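As a plain string of letters, each chain reads:
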Amino acid sequence: MPDDALGLPYSVPARREPVLPNGVLGMLIFVATEIMFFSGLISAFVIGKSNAIGGWPPPGQPRLPVEETALNTAALLASGVALYFANRAFKRGDAKTKRLLLISIVLGGFFVVFQGAEWVALIGEGLTVTSGQLGGFFYLLVGTHALHVVAGFIILLYTYRKLLHDDLDRFTFWPAQVFWYFVVGVWPILYWQVYL
Amino acid sequence: MAEAGTAETHGAHAHDAHHEQGFWSKYIFSTDHKMIAMQYMFTGIVMALIGGYMSYAFRMQLAFPGQSVPGYGLVSQGEYNALVTNHGTIMIFWVAMPMLIAAFGNYLIPLMIGADDMVFPRINRLSYQIFLVSALVLIGSLFVPGGGFGGAWTAYPPLSSSAEYSLTPLGSTLWLVAVALEFVAFLLGGINFITTLMNARAPGMKMYDIPMVLWMIVVASVLFMASVGPLIAGAVMLFMDQVVGTGYFDPGRGGDPILWQHLFWFFGHPEVYVVFLPAIGIVAEIICTFSRKKLFNYKLILYTVFATAIISFFVWAHHQFVAGIDPRMANVFTITTLIISIPIAEMIFLYIATLYGGSIRLTTPMLWALAFIAEFMIGGITGIFLGASGSDIYFHDTYFVLAHFHYTFFPIAIIGFLAGITYWFPKMFGRMMNETLGKIHFWGTIAAFNSIFIPLFILGTAGQHRRIYNYQNFPDLADMQGLRVFATTALLVMLAFQAVFLFNFFYSMFKGKPAGKNPWKANTLEWTTTSPPPHGNWAELPNCYRGPYEYSVPGREEDYWPQDVPPDTAPAE
Amino acid sequence: MRLARVALAAAVVAVTWAADLAYACPSCASPLEENRQAFVDTTVFLTIVPLMMIGGFIWWLRRKIREMDGAPEIHP
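Chains as they are written, first to last, in our numbering: chain A, 20 to 215; chain B, 389 to 961; chain C, 93 to 168.
So here's chain A without its partners, still in its complex pose (with noise of 0.2 angstroms):
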């Protein structure tokens, strides 16, 4: 700083340095919005199943698949860990986290084909947004869910894209875990509400 060179007595202040990164903490800020949205969302669904005369489900409703899915639920919770471990490995400097990362995209890639079969069968069975309350409830939630998941796994293969580039760095891989592991994070609550 200049101010030194006056000679002046005084101490002079020094930027400090931030907490958190800036891509961070705003990818937190958005999260907590996110968090807000699933919450009203949940809490919709949670009034609208409190509406249901003759109980929930609704009679003479498709079923959910509840334990096919609860399989898909493993492999994202899988996606999640493996995204954990490609952080420690990146930290490292170890060169498994290309594979772990990968891993960690395709299974997020499955989970995203896999209940696109499921919502073509239920939509054969006759489940369709406009059939009534737990059609509209179910698209709406799990598609909602399903879009950030696809959003997160285009911002996962950007990052891939930049691993293999070998240009990386952890302000732009620690939002993108942050995304993620919301979008891990909050899948479990949607299948205990919806399919349980």
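Hint data in this document are derived by calculation from the structure and do not stem from the laboratory.
The reader is advised that the hints may include incorrect statements.
Pairwise CB distance ranges, derived in the manner of DEER restraints [unchecked claim]: (1) K905/B with Y177/A: 38 to 48 angstroms; (2) R158/C with T147/A: 46 to 56 angstroms; (3) L90/A with E159/C: 36 to 46 angstroms; (4) K115/A with R641/B: 47 to 57 angstroms; (5) L726/B with P123/C: 23 to 33 angstroms; (6) R641/B with Y200/A: 33 to 43 angstroms.
Nothing here was measured: the structure is a model prediction, and the numbers come from that model.
Here a beta-carbon is modelled for each residue, glycine too, at the ideal position from N, C-alpha and C.
Given the coordinates of chain A, assemble chains B and C onto it according to the supplied hints.
What follows is chains B and C alone, placed relative to chain A:
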């Protein structure tokens, strides 16, 4: 705006565009926080004029029912509903929010914390662009077949969820899309505000050295972020109901119309504090500068702000007392609603304590700041009647409610904005505004504003219901036409006085007296750079050595002590 | 004197209590108890979630800042 000249000396904190800019990159696609603030401000002013014009049209219809309104034509029933709805929507979402949070937040945060720009300049630009699109969509929704949406700014279903009831198939959908886009814009802006304040402060600026207005803008942003999610969820569901044909809010198909109110007001009430906090923060800065006193108990005000923010999450169901909510909830929310008036009152008292014993200068910004306190108190006190669920049953949806929230929102959106713009105008444009014209505008606006809404309080207590096209059809209400004509006349006067402001604003921008760096002799960092600040804000970024309100410090020659003056170079006397 | 005051307070409490039990609702609430309960539950849920998030973040931040207090920082 001058820029580029200081770019070379600017050093390490370079960001992308420090070279000479063309028209497009300078005014339209700028990433400079000051230019984005200007864009928000001018868009807000244009939207305010549109909203004011709408109020003119429907107030004329109420005062002189069935007659052609000069400059508009005959107001039909459907148009009346659309005008009322869009007046409310525009004034809250496209005037109060952009002018208070977005414009002042963008302008002040980097300048007051000694940063060269926001931490995410491109996201900031994107935020304005989305906001502009949302404004255009909203204006466009008024001209589609079927007309603009007319289901009130709260958009309660089933009226809003089905074209069968609202009769505006396209208008209501576009309205919803515009509101959703607007939220996305502020989401991006809010992320920027919070991150910038946390990470980009000048060296030496500690938590309690941050000017109060920034605290308030950032707390407001946090409130917005935390409350907007459920409303976006509700908006998605309403959109699905309108377009796809689901029945989330349709009781005939197992849905629940109250659910929308639940989600809407979860956002809707914190929203009041989202716009209130920046306005009262602006007032804090002005009061300190023009009474030459330290802000009375900075920390207590700050904790009061936090308390307000926390309690504001507990009050929202008071909008639904008569909507058929659980009476157990109505009891709880009555109590919390009355509790939230305590921190607000406390804040007002602390401001009055700041004024006490100061050497007060009644400049135009100071007049607006004092008017804010006075007028907002009327809004707050009438709110007590509405917060108590018993009296609310009578007052609900009458003109009493309408006058009450205009007594809160007008001070917030209009008085708060005018206080801020008259105070920071010298910094923004490098020239002083005309004080005489400013005072004429002030007294004209304040007198006319009270003349509009005091008659409406009287009408409301007499039982006049809101959102009615023509009161001549109601024998009990028809004979109070005199009060309606009076209120409409006052509105015309108030709108006419805004011409004085617009003239003063644009005249001073080009022909005003040059302001210099620090015309008000204020302490905060934005006054230490040239007016208007160059691109990058400072040739050399400032350091911070003390709190923002060190006025009239004993033992100093000058009665102010800017934040960036190192202690040992101070004239010691 | 004191007894009268206590009696008055008790009367006020009793009256408020009774008003609650009388369900003095202007436009009656949903007949479904589950629905009313769902509104109460989601009200609590929606209120708690943001406060927990913000509160947790601020708590974490304070701890972190305390840890970092060794970092260079002025205050003359």
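Hint by hint, work out which the structure violates, then give me just those numbers in ascending order. none
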